[in-house]
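> Heads up: the sequence lines are chains A and B, in that order. Per the numbering used here, residue 1 is the first one in the first sequence, and the count goes up by one each step. Per the numbering used here, residue 1 is the first one in the second sequence, and the count goes up by one each step.
Careful: at least some of the hints might be erroneous.
[What the hints assert, rightly or not] Examples of chain A residues toward chain B, derived with CB under 10 Å:
{"no.": "1", "residue": "Ala40"}
{"no.": "2", "residue": "Leu93"}
{"no.": "3", "residue": "Ile129"}
Just so you know, the hints here were simulated from the structure itself, not pulled from any lab data. No residue lacks a Cβ here, since even glycine has one placed at the ideal position from N, Cα and C.
The residues making up each chain are set out below.
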Amino acid sequence: MEDQITRITSRLVVPFIQVYGIYIILHGHLSPGGSFSGGAIFGASLVLVALSFNLEAGSKQIPHNAASVLESGGALGYLITGLVAIALGGYYLSNKAAGFPMGEAGSLFSAGAIFIITLFVGIKVASTIATLFYYIIEGEK
Amino acid sequence: MIEILNILLLLFLIVCAVGVAYIRDLLSAVILFSSFGLIMAIIWQQLSAPDVAMVEAALGTGVVSLLLIAAISKTRRTE
């Protein structure tokens, strides 16, 4: 099913959706939204590419191996960030007590470990949504 | 003025929810469900929960309806 209008519209819109998703992930501690919302928006843009072009174009955006590595790596990064806090002398996932630099309030780098954790969770959510869609479409192989 | 909008949104929400339960064609049910998610996103925004509204607009309207359509394409369209 090749549709000219759908393809051209999604080609125009997808970069803006992805930038918006990354913006929401990065500004999670300053404005509404955060890792899950931004990751969901980013993953929906990956699904939109696969839907409006074809599965090969979608797989070119994020290959299956890369998606599974990113999915596991997001969870692992979250875990490691929590363990680094223990190594620095705080509780698990503690932020200021473990000595993460806090920065100036209101700026982008102003929440220490929250920024890193948000990034990892966003990566995990986006790749999970893409992987889920591919598995349902392609079936079990 | 804004109360009229809220009441209209809630009425549409109820109509969509009842329609999803009663309609026989599954593809129409999925489309009604995605419009339910869209109205729900605007209602979350009216309830001062913009982050939930973002998740609802991306997941409830986009991804969930896509996954349901994919499931329908693997099985039958009617109940």
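> Using 10 Å as the Cβ threshold, decide whether leucine 93/A counts as touching chain B.
Nearest chain B Cβ about 21 Å off; hint violated.
> Quick check on the hint: isoleucine 129/A CB to chain B CB, less than 10 Å?
Hint on isoleucine 129/A: holds, closest Cβ of chain B at ~6 Å, below 10 Å.
> A closest beta-carbon separation below 10 Å is what the hint needs, so does alanine 40/A meet it against chain B?
4 Å, holds
The structure shown violates just one earlier hint, number 2.
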